[in-house]
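Protein chains: 2
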Amino acid sequence: MNKVGEYTYVTEAYSLDFRGRVMIPTLGNYLLHAATRHATGRGFGYSDMNQKQTTWVLSRLALQMEGYPLLDEPIRIYTWIDEVSRLFTERCFEITASDGKTLGYARSIWAAIDTESRRAAPLDETALKEYLTDRPCPIARPGKIRPVEGETEGVVYRVKYSDLDVNGHLNSIKYMEHILDLFDLETFRTKEISRFEIAYQAEGRYGMDLSLHLKELQENQYDAAICNEGKSICRASIIWRPSVS
Amino acid sequence: MNKVGEYTYVTEAYSLDFRGRVMIPTLGNYLLHAATRHATGRGFGYSDMNQKQTTWVLSRLALQMEGYPLLDEPIRIYTWIDEVSRLFTERCFEITASDGKTLGYARSIWAAIDTESRRAAPLDETALKEYLTDRPCPIARPGKIRPVEGETEGVVYRVKYSDLDVNGHLNSIKYMEHILDLFDLETFRTKEISRFEIAYQAEGRYGMDLSLHLKELQENQYDAAICNEGKSICRASIIWRPSVS
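Those protein sequences? They're chains A and B, same order as listed. Heads up: the first sequence at position 242 corresponds to 242 in the numbering used here, and the numbers run straight through without jumps. Heads up: the second sequence at position 73 corresponds to 73 in the numbering used here, and the numbers run straight through without jumps.
Rather than coming from a laboratory, the hints here were simulated on the basis of the structure. Careful, some of the hints might be misleading.
Given that identical chains are not distinguished, each listed pair holds provided it fits within a single copy or across any two copies.
Said to hold, decoys possible - 25 Å max Cα-Cα, derived DMTMM-like pairs, lysine to aspartate or glutamate:
1) K52 <-> E90
2) K3 <-> E125
3) K174 <-> E12
4) K191 <-> D181
5) K52 <-> E73
6) K160 <-> E219
7) K3 <-> D82
8) K52 <-> D209
For reference, chain A alone in the conformation it holds in the complex:
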C-alpha cells in the first residue's frame, strides 16, 4: 500500500453553491471520504477501530483553498499521515484540479475514543507510523481560536434528525454548514473562503438548543462559536478574500 492515498471526485451540479462553487461542507465530505478510504485500506478504518471498541473522532480541520473546482471537473484528493502521537494523529490533504494544479491543502487532527466510555483511547502508533511521510503540506496547523460567544448575540438552532451522525451526535459536516449559514448572501456573492478552520470540542445531541455566534475580527476575518448552555462545543475561524471570478 502506498503511503499516500489518491482519490478522485467529480463535482456534480447539485453539490455546488449558488455561485457554482463546491461548498466547503461538500469539500469537507470529500476529505472525510478520502480519509476513510485511506484508513480502511491500511488496516485502521472505522471497522478496524470498532473491533477494539474505539472509533475515530475528528478534532480539528483546517482547509485552505487557492481556487475552487468547477462544475464537472474531476478533482483529486491526496491524503497522508503527517504525525502520530499517543493520542492524536495528523492527516494532511492536497486537493488538485484535473490539470494537476493545486487547488488547496487541508490539515486534520484525529483522536480515538472508547465507544463505551467516550473517553480518549490510545492510538495504534506502530501501525500508523508505518505510513508516515514527509510530503509537504504548506499551510499553517490548526491553532487556537479565541472565544467570541461573550461578545456576540447568538442565533438559536435546535439539533434535528438530519444533523445526526451514526453515533447520534451532531455530524461534523453540519457544524460547518451551521457556521457558514451565519454569513449573509452578499458575502458569498462577492467573496470566497480562503481558509476555514474548525475545532470540535464536544458532542452536539438531538434536541439540544445551540447558540451560534459570529464575530468580525477585522476585514475578511471572522471567528465563530457554537455553544450549548453557555459552553462552547465548537469554534471556527474563517478568512475571506475578494472573489476572483
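Here the structure of chain A is known, so what remains is to put chain B in place on it, guided by the hints.
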C-alpha cells in the same frame, strides 16, 4: 451506450443516520448523481441542456425501500428512462445490495425549464426516446398528495446559504431533510421509511420564511407540505413500517 446506466456507491460511516442506515436524503443524492451520470454520458446532461439555455428540474420523486444498505456495503444503482413526453420524462431506478438483492426502487419525473424565463421548455424527445426501455420498476407512480397545511400548525424555517443549489434555489435534497426533521427521534428509532414521495411545486429562495407542515393520516402514514406565505412549494408523503433490525 447501454440504455440502463449502472453505478456503484459505497455507504460511508459519516453518511449514515444514528441507526446506522443510509438516510433518505443521502439515497436521494445517490439517485441524482446516477441520473446525472446517465444523462451526461448520453448527450442530455446539465451541460448539454445549458447549451440550449435550459436546465433539468426534478418535479417528483418516489422512493420505495424494502431494506437499507449497511455500512461499507457497496450498493448499485441502475437507472433508465421509462417514459418521454413533450414536457416530462420519467426516470426509474433500482437499488441493489452487493449480493444483487433489490433494496428498493424509485421513480422520478423531470421537466426542462428555460434558464432565463424559468418557464417549461420542450424536451428533446427524439434523443431521449432512443434510450427508452421497458425494464420493470414495480412501484406506484408518484401521485397526487393532498394539502395538509390548512389542518396543521407549521414549524417556521428560514432558507439559508447551505440550503441553496447552483441556481440559488432551495436544493431538492434539503426539502427532504426539512420534511424528515419534522418527525421525532422515537419514530426513527422504532420505524423505517417504506415509501417516501415528494412533489416539487415552486422554488424556495434565500431568506424565505417557510412553514413546514406534517399530518398523520393514519398509523404510519403522513403527508407533509412546505409553504411560503400560505402557498405550498412542496408536498410529500411518507409511509413508515416497524423497523426490522
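Hint check results:
no.	hint	result
1	K52 <-> E90	within (21 Å within a copy, 47 Å between copies)
2	K3 <-> E125	within (15 Å within a copy, 50 Å between copies)
3	K174 <-> E12	both (20 Å within a copy, 16 Å between copies)
4	K191 <-> D181	within (15 Å within a copy, 31 Å between copies)
5	K52 <-> E73	between (39 Å within a copy, 21 Å between copies)
6	K160 <-> E219	between (33 Å within a copy, 23 Å between copies)
7	K3 <-> D82	within (10 Å within a copy, 46 Å between copies)
8	K52 <-> D209	neither (33 Å within a copy, 47 Å between copies)
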